[in-house]
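Residue numbers (numbering that gives the first Met the number 0), protein chains in the order written: chain A, 0 to 152; chain B, 0 to 495.
Read the hints as simulated data drawn from the structure, not as lab findings. These figures come from a predicted structure and were not determined experimentally. Just so you know, even glycine gets a beta-carbon here, dropped at the ideal spot from N, CA and C. Any given hint might turn out to be false.
What the hints assert, rightly or not - What the simulated footprint calls covered on chain A by chain B, stretch by stretch (three residues with Cβ under 8 Å from a Cβ of chain B suffice, anywhere in the stretch; the number is not a length): (1) 34–45; (2) 53–59; (3) 85–97; (4) 100–112; (5) 137–150.
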Amino acid sequence: MDEAKKNTSEWYAWSVAVPLIFIGMGLYVALVALDFGLGKLARPGPGVYPLALGIMLALLALACLIASRREQPDVRGMSLRPALLVPAALVVFGLCLERFGLIPATVIFTFVAGLADREARSMTVLITAAFLSLTGVLVFIYGLGVPVHIAEF
Amino acid sequence: MDFQDIYLGLQVAFSWQALIFCFVGVAVGTAIGVLPGIGPLAAISMALPITFHLDPTISLIMLAGIFYGAQYGGSTASILLNLPGTASSAVICLDGYPMSKQGRAGVALFIAAIASFFGSSFAILLMMVFTPLLATFALSFTSVEYFSVMLLALIIASTVSTGAPLKGLLMVIVGLILGVVGTDVSSGTFRYTFGLLELADGVSMAAVAMGLFGVSEVIGSLSGATRPSGLGKVSMRSMYPTRAEMRSLAKPILRGSIVGSLVGILPGTGPSVASFMAYSTEQRVARDRSRFGKGAIEGIAGPEAANNASVQAAFIPTLSLGIPGDVVMAVMLGAMIIHGISPGPELVNSHPDLFWGLVMSFWVGNIMLIVLNVPLIGVWVKILSIPYHYLSIAILFFICIGAYSMTGSPFAIYLTAIFGLVGYVLNTFGYPPAPLILGLVLGPMMEENFRRSLMVSRGDFAIFLSRPVSALFLLLSLVMIWLAIRPYLAQRVRPD
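Chain B extracted, bound-state conformation (with noise of 0.2 Å):
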């Protein structure tokens, strides 16, 4: 990192284009984040195909905007509803909806908007000195290490946060699946296209996202209960904590952040496990671990800055390895090939103009967040009004509009409306959808690394134990699948 790269960053970040491009990110990310029921995983695989129409650069910024501006919203319905607004924000609802209760719903959406403007800074600012170093570690790495990480990335995504790690490892491998349709890139030999002209380039991505995010939230959100009424107001001046309780929120906003830095670093865990995790965090260093659940600020100051964190530093795996961090960074990675750009360690040098304008339009869009949460959180406040017919109808034919756009034949939208049915299907016999898009972004890389591997081998299979970084992603691959099986095997010893 050094003062041009910042300083390119910042041409492209402060272009017209990227301005207005990260506030509709951001601003879209804010009020999906804030209405339950929609995701930022929905969001921005709507948002995939217009983003086809732009340039690269802009259209990351764009999605990443969502994705983070996501993060800021969902504490607004957990604090005001007990409805977490996404699932990362789950756990501010056991002190945020306690405080709302209690008349303070203003301070405790001000905290979340700092703890989450702080969480983000600080993994903004590791990702800085860190993606280019990592990028450089990484330039040693041959399609052998390729394999292996990859393999160790998709075996922790399915099994560490799904709470179903055989069904997870199940679902990486449908993915997987469905990588391999289309044209072989080596033989040219068409695999499971069905004689569909259609699937010669494959199962679109944004398609399959689509339909398992989209249209399977929908459904889901039709077939379930209706949203509750009884919304207050919430005042700007109501907002301002005390300087005492602004004092206090310091310590846990920097074990929130540092938490979540390293949650997001992790390749397959996202903003949900890191907010549960810095939770946990500030109970354990509590004096007074009565004062959780009935309204306690460290409750949301610290996975509110965990989840922000955790999400900013997500981009670090996949802007210097090409790993995803989880599953809306695999979606932003098929989002990069999708563009042309192959990501990798060679990604923060061949395309500085990208990754550092990436990263300082970070900068931009957090500031333009605290902006929208605090002085105009009553709009936010007030799209959670919206009946839910009109939203649902809405979705789905933005859905449909974008499907089409993307090849401009109905093809896509079928292939959306079968992948929305399957994902809905799955989602309720509690098999996780996520795993699988990440199989399909990473499997036909994955299956070049590893035909690669064996044709430098010449077949011998020792290559990938030989190879020291190599053979330690295997092990932890084989460690992540000991510990996934483990309480299946107890469970037959003893049954109960």
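So here's chain A without its partners, still in its complex pose (with noise of 0.2 Å):
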């Protein structure tokens, strides 16, 4: 009952803090386009179209905040977990890729993959590691002719 409490209180803080980020993000893409310039209406500038676009999202961001109000929460709320995790595990792959090869890549991608599933076990890790890695050769290497290491240290 407490967890479904804390995650319904979450869940309305999020759900206005998500509209506010549009109206940020809006009025940002407004103001910078001004730098773009206008140009005339018979030859619009590269601004122009940018410029109604952020003033379009601040507007309606300012509507979905004022109707979020009569929401329905969904209870399940988010689970940081998984979110966090999963991109995460992209991350590092792009980041060990070019730097230690294919393979190492890989086992720490399903490493940190691994981490974001509550209910995998090592040896699920382990197999899924030693599966992707063949297959990531096979098909990226040789299928797909990617110039990348196999293993580079």
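Assemble the dimeric complex from its two separately framed chains, guided by the hints.
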């Protein structure tokens, strides 16, 4: 019960934060657009279209903010663990790929991605890492011919 | 349409490469359709990087195969597990799962496959007749009409089927803004690139699609419940319906095909809307409504014909006008642009090999699918028992590889990661990510047409209203916006 209550209040905080972020984004886009040059109506410059979009985004986000007070919360809330670890696994793969080569990057990637899944056993992760390293080398290097080293230290 | 065109299309569709990639497409499509948790969008965006290395016609044949293949596979999990494999087959659960509990799963699967085949065939025929006609009509379009019709398409797409019209509109605007990022075509100004050279060519649509639909779906499934077990076996002998049942299927399939085709042609509405509308149509015309929800075969045949028809019919506006019928079509349109093919009414005449080759490959693909889904159904049922752990990590891995191989730099992987997180947050708070992709793909074309129109009229906005076709599109856009915000205004008057 407490868990659900905590999720609900968290959800409300976020459901206000998301439109606020969009309002900020709209204002930023509109302000920067002014610098691109608006040109004349007969020859619109590169700033006209983004200026209009920025203003529309801010207004729509404001409308969403007002409407958000009536929303039904999603009691499942957000699961931060996979939400952060899954993108992190991708970033780690990107960072390691050119530095250490494909197989080390794949192994580290699988480990981080495995952390995202609470039910994954270490055995599952090991098997997956081995399987993916093999397919990666076959598909990526021999199949698509992408110039990446298999392993590099 | 004449026989020369069809002959040309058959030549393309029966080339070895086309046959192989069509098969890969429909097989992958069926597999991801069968698996709950991954939709056709995720699979198509994952396949996008691979298509960069292929001929444009072959890439479209494969991507399309994934899309319509998924509609076949989608009903399998609905029938056997009461878990929709794709959003568009959710309604199949209503009567499919009860049939499976009565021990008639095989019959339900057979009906779904047959209805899918007829629904598709109906819409492909429509496509062969109407795409060239519509394209000829649209040849008179100028930048003014294009701007207005794109505006209408975006508004319909964001308001009709998303369930949250305000948020849908907001997401379209975000997509349009992302479309601005990069070098401005007419002035060479760098816009919103934050000094990153990688953004000079714009935000990669493939990376955004993989993030929003691939990565965020994996996050969602890892945070959700695990898959239930308890699968039986389906043998081919158990699949045949009785003769009376076969006869009673004809009308629901025809009704479903018509409803689905109409929904598919409308911009912005996809197979999910089609299958729900077909189900309610079947309920309305039925003599005995109480049978629904207890294993009525029309409840499978109608919607299943409809979602397949809508998928094929969605190609009509996409290929004749360059206006995507739904999100998947927007991704396909993006794929065409990446290959340097500008979508629009000239496409049918200037690339007849592409258009007719694609159409003929639909026939080939649907015949492959009926084989895959009737005699080989057991293979797909087995796929349902793969544990999700292996699958989700493998999906992520292929996304990484695909993103890297697009440009040979890790930047696309980082972009995909960011949009994965963004997509998950947006999904949780009810912001539909699909309109964003539509905005991103259509954005640059819209801006170009907008600026060109104003240049032609020397800055006079009246040009958008003085041309009748454009005025009609704008009027319809206004009506759609009014319909979308009316419920919000009504709430304010009488709060409850």
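Verification of the hints:
{"no.": "1", "hint": "34–45", "result": "holds (count 9)"}
{"no.": "2", "hint": "53–59", "result": "holds (count 4)"}
{"no.": "3", "hint": "85–97", "result": "holds (count 11)"}
{"no.": "4", "hint": "100–112", "result": "holds (count 4)"}
{"no.": "5", "hint": "137–150", "result": "holds (count 6)"}
When each numbered hint is compared with the structure, no violation occurs for any of them.
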